[in-house]
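There are 2 protein chains.
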Amino acid sequence: MLPENSLAWGRSKSCIRELAAYGAARKQEIGPERVFDFSIGNPSVPAPDCVSEAMRELLCLSPAELHGYTPAPGLMSLREAVSADLKSRFGAEIPAELIYVCCGAAAGLASCLRGLLLPGEEVIAFAPFFPEYRVFTEGAGGVLVPVPPDGKLLPDFAAFERALTEKTKAVIVNTPNNPSGVVLPRESLQRLGDILRHAQRRFGHSIYLISDEPYRELLYEGAPLWVPDYYENTLVCYSFSKSLSLPGERIGYVAVSPKAHESGDVFSALAGAARACGYVNAPSFMQRVVEKCLGRTADISLYKASRDLLYGGLTELGFDCAYPGGAFYLFVRSLEPDAKAFSEKAKKHELLLVPSDDFGLGGYVRAAYCVPPEMIRRSLPAFRALAEDYGL
Amino acid sequence: MLPENSLAWGRSKSCIRELAAYGAARKQEIGPERVFDFSIGNPSVPAPDCVSEAMRELLCLSPAELHGYTPAPGLMSLREAVSADLKSRFGAEIPAELIYVCCGAAAGLASCLRGLLLPGEEVIAFAPFFPEYRVFTEGAGGVLVPVPPDGKLLPDFAAFERALTEKTKAVIVNTPNNPSGVVLPRESLQRLGDILRHAQRRFGHSIYLISDEPYRELLYEGAPLWVPDYYENTLVCYSFSKSLSLPGERIGYVAVSPKAHESGDVFSALAGAARACGYVNAPSFMQRVVEKCLGRTADISLYKASRDLLYGGLTELGFDCAYPGGAFYLFVRSLEPDAKAFSEKAKKHELLLVPSDDFGLGGYVRAAYCVPPEMIRRSLPAFRALAEDYGL
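So the protein sequences, as listed, match chains A and B. Count the first sequence with this note's numbering and you get residues 1 to 392, in order. Count the second sequence with this note's numbering and you get residues 393 to 784, in order.
Hints may contain errors.
[What the hints assert, rightly or not] Computed list of lysine-lysine pairs in DSS-like fashion (alpha-carbon distance at most 27 Å, straight line):
#1 A:Lys259 - B:Lys419
#2 B:Lys732 - B:Lys419
#3 A:Lys152 - A:Lys292
#4 A:Lys13 - A:Lys259
#5 B:Lys732 - A:Lys13
#6 A:Lys87 - A:Lys345
[Stated by the list, open to error] Label pairs and their in silico Cβ distance ranges:
#7 B:Ser480 - A:Ala84: 24 to 34 Å
#8 B:Arg593 - A:Met76: 51 to 61 Å
#9 B:Ser480 - A:Gly363: 49 to 59 Å
#10 A:His205 - B:Ser480: 56 to 66 Å
#11 B:Pro463 - A:Arg34: 18 to 28 Å
#12 B:Phe595 - A:Gly120: 38 to 48 Å
Hints in this document: simulated from the structure, not taken from any laboratory. For each residue, glycine too, the CB sits at the ideal point set by N, CA and C.
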């Protein structure tokens, strides 16, 4: 008798990973240049040179220093550097003591949810959303409550207000968004904050906003907004996975706003939750690497060029796409109601597009355009043929 | 309202870390050479050269390959190499598919417990034991049941048999042991296996043995035993933290014996539990480093020399010490019933020794001798003065 939820999470294949595995096999079969694999969000732009330079420099340190345990919340020098970086970029006043260095945004999110949720409490997520939000929430004993989007794939705030109950403990927001690439405008964050403040008064308890920000730096117009400016009870989960193209290294941080209710306790609870999951410290070598690379990013302009190429190409062909202001995903409306059937039809043209159902919303496919631009160019005739299948 | 257990785990300071922090402050105050800091188990022998060589070589790979996501259970090449290593060293037949590469033994243990336990099920640990066993067990919704040792600090098997109930789901064994350094002899493992097989028949359900093996390679006499040879239902949690002196990098593996009951399901459940905790993959760069260093270790002979120096020195002074056949800990009987008071008195001689209470057993102190040998030599007069305080 094993726990059913753990068994199910371990057995279920992510549709993204399945499509990527299909793609790998198909490339072997017919040649890699003939498969248009938009399945997975593995950064294609390499880590910036500062990463390998930092690694080479650090190799001169003594191994005991380099690879020893760090404090559980991370090296104080890194926490202070992150605090200073947030201050200089956003005017944010997050003391180093409220910055928890963790094994990527996934670890940060899971630890925040476990640190916040009592059994049966609810977490609201705006569809479309990253499928793991459900796993992390249910793993923490909570219930995920999806809220559908409006026609522009922004939160439907009327639906959001209806979804808030006295059991709501947290809300997850993700901008730029995976899977849609949509960026929340300032007005949406203001409205979100207003509604949450009102709900807190109405229900008489704190509701925490968890801002999942792995794509914060992948923004193609304007500057990123600082979510805690719009709502006090905010926890920011950041990752260096995409900004420094280090997704496999598992390094990021949680920043708890000092204005959050009981911020010190929230920090302790998320640290305690992480400890109980077996997190000891984020990888020590990489803590030192990202400290040396703070404020730097991989060459984001390459993603912007790909965005322009794919978004321009597909809208010209008549596809209906959400405008992707950031991240490296394009969300394309399916040409038939069943996105899975549409994704299957796309496969016939060697186009690998993830159906949107697992993101909490039917009727779309996700194209991850963190791929070589020449692949995008070569894929456009296949998209044209797909459109023609549907008489577009 | 935050979850009380997470808050408590986040707030409580480990007595080891507190003593280490006291030591750091004291060294600043009176000079590092005058403090005899045996508080913490941070490896003092540096990582072997193969580690920095592997790191330098790997830097020639493309960053996208080096730092990209790996499959959740680890790179298949590493899993296959671990499988081959276990086969060549122990004759063990663990297919790569049952090897889960994880973020150190702590992550492995926590994931195994979450993957195995239903709410309220019991986990038996043999005192003295690593304090985090309790946190991981309670975090997984289980109940930790300590079993006291016999006079030689080996498991008291009569007490063990009494502790087994129909709620027992798992037993944790740790050899060489932290905090005592004691190595379980073959006969103890045989007896353990016999008792567990009998209990399984008696209660009619599987009981899993979790073998926590971060110190497997730190053995000063004889060769390590392969625990699954003594009991079928075994999960081995291994870490490279001590063998390669990489404790901060968080890299290890779980090997599920293919003879374990429902081994495939056990593997899925632990993978699912890890996923729900936000584990994505073990750090990708370090996966490649340890693959290149499999079968190598830091220079263990340095720890053996320290073991001989400290064990010899203290027994000569009249202290009663468990014989430490492995790891880098010496467990010394307190000269008064209250180990905390004894540890405080030792502080007056600038000796930092961890009282044993948090290890589930009163009346001892732990000396971590992963320190420079000259510090051990300089500490002996302080131990002599401490003994004289008690008229030894």
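Hey, lysine 259 of chain A versus lysine 419 of chain B, does the alpha-carbon distance stay inside 27 Å? violated, 37 Å
Is 38 to 48 Å a correct range for the gap between the Cβ atoms of phenylalanine 595 of chain B and glycine 120 of chain A? violated, 32 Å
Distance restraint hint 24 to 34 Å, applied to the beta-carbon atoms of serine 480 of chain B and alanine 84 of chain A: violated, 50 Å
Need the status of pair lysine 87 of chain A, lysine 345 of chain A: alpha-carbon distance at most 27 Å? Given pair lysine 87 of chain A, lysine 345 of chain A is violated - Cα atoms ~49 Å apart, limit 27 Å.
Taking only the CA atoms, is the gap from lysine 152 of chain A to lysine 292 of chain A under or equal to 27 Å? violated, 39 Å
Does the structure keep lysine 732 of chain B and lysine 13 of chain A at a Cα separation of 27 Å or less? Not satisfied, since the Cα-Cα distance of roughly 51 Å exceeds 27 Å.
Given a hint of 56 to 66 Å, does the C-beta separation of histidine 205 of chain A and serine 480 of chain B actually sit inside it? holds, 58 Å
Quick one: are serine 480 of chain B and glycine 363 of chain A within 49 to 59 Å, going by C-beta? Holds - the Cβ-Cβ distance for serine 480 of chain B and glycine 363 of chain A, about 54 Å, lies within 49 to 59 Å.
Cβ separation of arginine 593 of chain B and methionine 76 of chain A, checked against the hinted range 51 to 61 Å: With Cβ atoms ~54 Å apart, the hint holds.
Compare the distance between the alpha carbons of lysine 13 of chain A and lysine 259 of chain A with 27 Å, and conclude whether the hinted pair is satisfied. The given pair, whose Cα atoms are some 40 Å apart, is violated under the 27 Å limit.
Proline 463 of chain B versus arginine 34 of chain A beta-carbon gap, inside 18 to 28 Å or not: holds, 25 Å
Could you grab the alpha-carbon distance between lysine 732 of chain B and lysine 419 of chain B and see if it respects the 27 Å cut-off? At roughly 21 Å apart (the allowed maximum being 27 Å), lysine 419 of chain B and lysine 732 of chain B satisfy the hint.
Checked against the numbered hints given earlier, this structure breaks hints 1, 3, 4, 5, 6, 7 and 12; the rest are met.
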